[in-house]
Structures are given as C-alpha cells and as structure tokens.
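Engineer: Next come the chains, spelled out residue by residue.
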Amino acid sequence: MSDESQKAVSVGAEDGGPEPDALRRRLLKLAGAAVALTLAPGVTVLARDLVVKGPRGRKSAVRYGLLIDASACKSGCDACVRACQDYNGLSHDPGPDNAQWIRKVTITNPQTGLSRSFPVMCQHCENAACVDVCPTGASFRRPDGIVLVDKHRCIGCRYCLMACPYKARSFVARNVEDQKPWAPRGKGTAEGCTMCVERVEAGKLPACVTACQKAGHKAMMFGNLQDPKSAIAQRLSEVATTTIRADLGLLPSVHYRGI
Amino acid sequence: MKVAYREIEGHSAGYWLAVIVCGLLAAAGVAAALYMRAEGHHVSGMNNQIVWGMPHVFAVFLIVAASGALNVASIASVFGRALYKPLARLSALLAVALLIGGLWNLVLDLGRPGHLLAAVLYPNFRSIFAWNIYLYTGFLVIVGFYLWFMMERRLNPHTHTVGVLAFLWRLVLTTGTGSIFGFLAARSAYDSAVLAPLFILTSFAFGLAIFVLVLLGGFKALARPVGARLLTRLRSLLAVFVAAVLYFVAVYHLTNLYMAGQRGVESFMLVTGGLFPWLFWGGQVFVGGIVPLWLLLRPVPGADGAALRRTLMLGAAAVVAGGFAQMYVLIIGGQSYPLQMFPGLIVKSRFYDGVVHTYIPQWPETVLALSGVAVVALIVLIALRLLPFLPVSLADDVVSVHGVHAPAAEAEGAPTGART
Chain R
6 MSDESQKAVS VGAEDGGPEP DALRRRLLKL AGAAVALTLA PGVTVLARDL VVKGPRGRKS
66 AVRYGLLIDA SACKSGCDAC VRACQDYNGL SHDPGPDNAQ WIRKVTITNP QTGLSRSFPV
126 MCQHCENAAC VDVCPTGASF RRPDGIVLVD KHRCIGCRYC LMACPYKARS FVARNVEDQK
186 PWAPRGKGTA EGCTMCVERV EAGKLPACVT ACQKAGHKAM MFGNLQDPKS AIAQRLSEVA
246 TTTIRADLGL LPSVHYRGI
Chain U
33 MKVAYREIEG HSAGYWLAVI VCGLLAAAGV AAALYMRAEG HHVSGMNNQI VWGMPHVFAV
93 FLIVAASGAL NVASIASVFG RALYKPLARL SALLAVALLI GGLWNLVLDL GRPGHLLAAV
153 LYPNFRSIFA WNIYLYTGFL VIVGFYLWFM MERRLNPHTH TVGVLAFLWR LVLTTGTGSI
213 FGFLAARSAY DSAVLAPLFI LTSFAFGLAI FVLVLLGGFK ALARPVGARL LTRLRSLLAV
273 FVAAVLYFVA VYHLTNLYMA GQRGVESFML VTGGLFPWLF WGGQVFVGGI VPLWLLLRPV
333 PGADGAALRR TLMLGAAAVV AGGFAQMYVL IIGGQSYPLQ MFPGLIVKSR FYDGVVHTYI
393 PQWPETVLAL SGVAVVALIV LIALRLLPFL PVSLADDVVS VHGVHAPAAE AEGAPTGART
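Protein sequence lines correspond, in order, to chains R and U. Mind the numbering: the first sequence is residues 6 to 264 in this note's numbering, read in order. Mind the numbering: the second sequence is residues 33 to 452 in this note's numbering, read in order.
Bear in mind the hints are in silico, worked out from the structure with no lab data behind them. For every residue, glycine included, the Cβ atom is placed at its ideal position computed from N, Cα and C. Hints are supplied without guarantee of correctness; some may be wrong.
As the list claims (entries may be wrong) - Chain R is nowhere near these chain U residues, computed Cβ spacing over 12 Å in every case:
| # | residue |
| --- | --- |
| 1 | G72 |
| 2 | H74 |
| 3 | H147 |
| 4 | I165 |
| 5 | A228 |
| 6 | R256 |
| 7 | V317 |
| 8 | R342 |
| 9 | K380 |
| 10 | D429 |
To be verified - Residues on chain U that point at chain R, a partial pick, calculated with CB under 10 Å:
| # | residue |
| --- | --- |
| 11 | L66 |
| 12 | M68 |
| 13 | W84 |
| 14 | D141 |
| 15 | Q372 |
| 16 | M373 |
| 17 | G376 |
| 18 | Y384 |
| 19 | V388 |
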C-alpha cells in the first residue's frame with residue numbers, strides 16, 4: 006500500500022467512519038454471501054442432477070439392473086414370463102401381433118451342441134437405440150436407468166421396434182381391455198418391459214424375479230448396479246458375465262451368466 | 033429463350049375420370065387408416081415381426097422419387113442446361129406431389145396419427161426421424177419458393193439461388209431417408225453407410241423415371257409435341273442413373289459378401305430367401321436395371337421420334353417397377369431376416385426368434401399404400417389445370433441445347449400463362 010493510501014485510511018478513521026479497507030472487506034463478504042445464497046440452490050440442484058440424472062458418460066448413483074444365470078434357468082420353466090403377463094395384464098397368446106415383454110429364448114451352439122434357456126426382455130441399455138431413434142422422445146431413460154415409453158408422446162411410428170436389437174419392444178395392435186392401473190397400455194403405441202417400475206419404487210422386486218425365486222430356481226437377481234454393497238453388484242464382481250450383443254456398445258443393464 | 037406454358041383445359045371425360053378415381057382412392061386410403069386406427073393394426077399384415085409394411089414400401093419409394101424428380105429442375109437452374117429449362121416447373125411440381133404422397137402414407141399408418149404434433153413439440157434430435165420431419169417440411173417450403181421464383185417473371189433472376197438451395201437440401205433429405213435404414217445397427221440388412229448414397233442414386237433414377245412417364249404421358253394425352261433432341265437426352269440421362277444404381281447395389285452386396293458375419297443375410301436376400309431373391313434378381317436387377325439399360329442404350333436409327341418415345345416410356349416404366357421391387361426387398365426382406373441376437377448360434381423362442389418372418393399384406397394397408405400414389409396423381413392433375421406448368425411444345429425447334437437458342441422459339445407467342 007502506498008503512503009498516500011495509508012494517509013487516506015488514517016484520515017477516514019479520524020473522521021469516525023468505518024475504515025475503508027475494512028468496509029471493502031465487509032462489502033465483499035456480504036456480496037460473497039449473497040452470491041453463495043443465490044447460487045447454492047442452483048449448484049445443489051445441478052450437482053444432484055449430475056449424480057441422479059446420469060447423463061451420458063457420467064455415473065448415476067442408482068442404476069437398476071438384472072443378473073440372469075442361464076445355467077440355473079430351467080428350460081421348461083416359464084414362470085417369469087407368466088408372472089409378467091399376469092401382473093401387467095398381457096395376453097398369454099404368443100401371436101405375432103401380441104405384446105411380448107419377456108420371453109424365454111433357447112440358444113444352441115451348432116458346433117458343440119450345448120443349449121441354454123433363459124429369459125430376454127428390455128435390456129434397459131445406457132445407450133438405448135430405442136431412445137436414440139424415437140422422434141418425439143417418448144422412449145426415454147429414467148435417472149435410475151429404467152427405459153420406458155411415454156404413452157402420451159408416442160405417435161406409433163414403430164421406429165423403436167426396428168431399432169431394438171433384442172426385439173424387446175412391442176406395438177399394441179389391438180384394443181386393450183382389463184388394463185392394470187400400474188401398467189397402462191395404449192393401442193397404437195409402443196411398449197416393453199418396465200422392470201415393474203412401480204414395484205421397484207415401492208421397494209419390491211420385479212414380478213419376473215419374484216416368480217423365479219418362488220419357483221426355486223434363483224436364476225434372476227435384481228438390484229442397484231451402482232451400489233457396491235448390493236448383492237447384484239457383488240455377484241457381478243465375482244463371476245464372469247456378459248451382455249447380449251455387447252459389440253453394439255449399448256451397455257445393457259441386464260447381465261447374463263452362462264451364455 | 034422464350035418458352036410458352038399453358039394450363040391443361042381439363043374438360044375431357046378422361047381427365048375427370050382420372051380425378052374421380054384418384055379422389056376415391058385417396059378417400060379409401062383415409063377410410064383404411066381410420067379402420068386400422070379403430071381396430072388396431074392387427075387387421076393389417078404388419079405385426080411385431082414385420083413392423084413396417086406396404087405403406088412404408090410405397091412411402092419410401094415416393095419420398096425417394098420426390099427428391100429425384102427435382103433433378104430435372106436442378107439440371108436447368110443449378111447446372112445451367114437450357115434444354116431442361118422448359119421442364120423445370122413440372123419437375124418441381126412432381127417433387128412436391130411425390131413427397132406429399134409419401135408423407136400421406138407414413139402419417140396415416142402411424143399408430144396414433146393424431147399425436148403427430150408431438151414430433152414438432154418434443155423433437156428428439158438424436159433421431160434421424162425427427163430430422164427428417166424438418167427436412168421434409170423444409171423441402172416443401174423451399175420447392176414452393178422455387179416454383180414461385182420460376183413462375184413469377186420478376187423473380188426469375190433469383191431462380192438460380194433458390195435452385196442451388198433446393199438441390200443441396202434434396203441431397204441432405206435423401207441422405208436422411210437412406211439413414212433411416214443405414215443407422216439401424218441391429219438389423220443385418222441395414223446398418224450400412226452405403227445406403228445413404230445408394231438412396232441418392234436411386235432417387236435420381238426413380239424421380240427421372242416418374243418424371244418421364246408423367247411428361248410423355250401428359251404430352252401424348254394433350255397432343256403436344258416432344259422432339260427427338262429432348263427424348264435422346266432423357267434416354268441417356270436415365271440410363272446413366274440406372275447404371276449408377278446398379279453399381280451401388282453391387283458395392284453394397286459385395287461388401288456384405290466379403291464379411292463372413294454378413295453372409296447369412298446375403299444368402300437369404302440373394303439365394304435362399306424365397307420371394308426376395310426372385311424380387312431382387314427378377315424385379316430389381318433385371319426389370320429395374322438390365323431391361324431399361326437395354327431399352328435406353330440401344331441405338332434408334334434415324335432418331336425416330338416414335339421409337340425414342342416408346343423405348344424411353346418402357347424404360348422408365350421398368351425403372352419404376354424395379355424400384356418397387358427394390359424397396360420391397362430392402363424394407364420387407366430386411367425385416368424378414370431374423371435379428372441376429374446371438375450370431376453363430378441357433379435361436380428359438382415362442383416369439384419367433386431365429387425364424388424367417390412372413391408378411392402377407394392385407395387390404396387395409398394395401399389400399400392405404402395405393403392411396404399415396406392417388407394423392408400424387410390428384411395433386412398433379414389439379415395443379416396442371418390451375419397453373420401453367422407444362423410447356424406448349426417441346427419440339428426440337430423450341431428447346432435449345434446448352435444455351436443455343438432454337439430460332440423458332442423466340443418468335444413463338446404464348447397463348448396463356450406465357451413466362452420467360
């Protein structure tokens with residue numbers, strides 16, 4: 006500080022007013038506090054959004070997923086499929102124009118003859134093709150990783166059915182009756198496995214997982230993939246698993262063991 | 033060069049019969065769409081395996097042809113070929129009509145066409161579909177201005193600028209249409225960058241073929257003359273486009289054949305796929321490629337106008353027929369081949385995994401598909417009656433080549449609607 010400024014400070018003090026340097030500091034503190042108070046909620050929301058929304062390339066705090074053990078899944082059992090159809094009000098008839106949210110698939114290696122049977126449903130991909138191609142954003146991915154269809158926005162173009170590598174999307178081609186309140190459906194719209202989102206939000210397991218456990222096979226495991234303490238995350242860190250069409254880079258939330 | 037244009041009179045029984053038939057077919061298309069909306073799409077042959085059917089085959093054909101139909105106008109306005117200038121108005125009109133016909137099919141086939149506004153209110157720009165909505169509407173607006181600039185004498189000097197914009201826009205538009213399929217990594221028959229340029233070349237051929245059919249058909253009905261000079265040029269141009277399409281089709285299939293993982297789908301499309309190899313070899317390649325090339329490239333002794341006209345008409349008709357086969361093979365064949373969820377393994381399920389899907393078109397979606405063509409025809413018929421789109425004559429003494437004026441053209445008066 007120069008001599009002149011020191012002089013000025015002493016003059017001010019003699020006048021009985023607050024010392025200008027101190028005043029400046031106080032004003033700066035007040036301004037800083039005001040800015041902090043103003044920005045804090047926004048920063049908090051932003052930070053929360055970054056964690057919870059989990060935009061591309063960022064880890065979300067919650068990501069629900071499934072681990073399906075094909076070696077534990079019984080080839081003749083379709084308890085998971087029945088449970089899904091019953092719970093969500095879907096037809097048991099596997100007609101070509103009926104919805105199929107989950108199905109049992111049998112694969113056989115023609116070179117070795119080894120067969121495996123296991124359920125396939127929406128894989129709730131991180132880079133979901135259905136979400137990318139949907140012109141209206143009706144196909145969307147929730148912050149917790151569950152991929153759903155907003156029936157109000159769906160125009161029924163079926164581009165998601167064309168784009169999904171898992172045949173996991175269906176088109177409602179008939180008038181729907183006896184709908185379940187928790188699984189609203191709409192003629193002329195696309196739909197698929199919801200991972201029983203309302204059950205998950207209530208702290209329950211998806212209907213298919215519950216049915217598999219009741220059948221005593223324990224071939225399906227559900228949980229938060231991002232929680233290292235969750236049973237599914239621990240299991241995934243212990244055993245070799247894969248995802249279907251991993252080469253496409255869609256990063257599904259459904260993992261398979263033994264395929 | 034002065035070119036005289038004139039509206040068609042539209043008093044003949046044939047004209048009104050055509051208008052009524054097209055109107056009824058368009059109305060039947062609306063009725064079919066309402067029926068599918070009321071009952072659900074299960075009344076159609078489309079299902080969760082064959083997701084897109086006849087309406088899409090016709091829609092993609094018409095949309096691809098729309099951008100190609102504009103080429104004649106582009107050749108005149110952008111590349112300065114005076115020979116094509118008298119044809120530019122019809123070219124732009126056809127482009128608009130074909131696009132509207134294609135969109136008619138696409139929109140009326142939606143599961144919920146009434147919710148289409150959602151695509152405008154909540155566009156997802158990661159979707160090529162969302163981009164296409166803007167590309168299609170933008171195309172209609174730009175070509176609308178293009179037509180206005182061509183038909184309004186005071187705006188004629190700016191035609192080149194709008195023409196360049198329309199030409200660039202149409203290239204992007206067709207790239208977008210090809211990318212609807214090219215971006216589908218999940219399906220073996222699509223997932224190829226070649227599809228975008230293939231669609232552009234395909235649009236050149238389809239668009240010019242339809243343009244030729246409308247032009248020559250219309251001029252014959254109106255008894256207006258078309259000279260050998262124009263016919264010769266159109267024959268050569270169409271032949272070049274057909275050859276270019278064949279080249280891209282060959283590249284597409286050869287690339288796939290070279291990749292071991294793609295040989296399954298190639299085998300299906302080219303040999304084992306039942307109807308599809310027949311449509312590919314017989315329809316797309318033979319009728320849509322070899323026949324037109326033979327018709328269009330064979331020399332016509334003495335520039336015989338009748339022979340030139342006949343071979344051009346037949347060649348264009350063959351291109352259109354082969355074009356529908358091409359779209360059917362791509363769209364229906366591409367979906368019939370099972371999704372490769374587990375490449376190299378045998379896959380079975382109660383939901384038709386691992387099996388070839390069959391598609392039998394039912395009457396609702398077939399009527400809807402045909403109604404798109406009727407809408408195109410209806411727009412053209414009405415527009416030709418209302419405004420002077422067609423030249424009075426395309427005889428050799430009227431048209432000019434590369435800016436060399438035909439002497440008689442300058443002197444010719446324009447009975448009605450004459451424009452420069």
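Engineer: Given W84/U as an interface hint, is the shortest Cβ-Cβ distance to chain R below 10 Å?
Structural biologist: holds (7 Å)
Engineer: Quick one, is the V388/U hint okay against chain R at 10 Å, beta carbons?
Structural biologist: Violated. Min distance 13 Å.
Engineer: When you look at the beta carbon of K380/U, is every beta carbon of chain R farther off than 12 Å?
Structural biologist: violated (5 Å)
Engineer: Was D429/U rightly flagged as not at the interface, with every chain R Cβ beyond 12 Å?
Structural biologist: Holds: least Cβ distance 52 Å, greater than 12 Å.
Engineer: Per the CB criterion, is Y384/U less than 10 Å away from chain R?
Structural biologist: holds (6 Å)
Engineer: Is the interface hint satisfied for L66/U? The criterion is a beta-carbon contact with chain R at less than 10 Å.
Structural biologist: The hint is violated - L66/U has no Cβ within 10 Å of chain R, the shortest such distance being about 12 Å.
Engineer: Given Q372/U as an interface hint, is the shortest Cβ-Cβ distance to chain R below 10 Å?
Structural biologist: Check passed: Cβ of Q372/U comes within 8 Å of chain R, closer than 10 Å.
Engineer: Holds or violated: M373/U as interface residue toward chain R, Cβ cutoff 10 Å?
Structural biologist: holds (6 Å)
Engineer: Is the Cβ of G72/U more than 12 Å away from each Cβ in chain R?
Structural biologist: The assertion about G72/U is violated, with a minimum of 4 Å to chain R.
Engineer: Hint check: is the beta carbon of M68/U less than 10 Å from a beta carbon of chain R?
Structural biologist: With a closest approach of 9 Å, the M68/U hint holds.
Engineer: Over 12 Å from every CB of chain R: does V317/U meet that, or does the non-interface label fail?
Structural biologist: holds (26 Å)
Engineer: Minimum C-beta separation from H74/U to chain R exceeding 12 Å: can you confirm that?
Structural biologist: violated (4 Å)
Checked against the numbered hints above, the structure breaks hints 1, 2, 3, 4, 9, 11, 19 and satisfies the rest.
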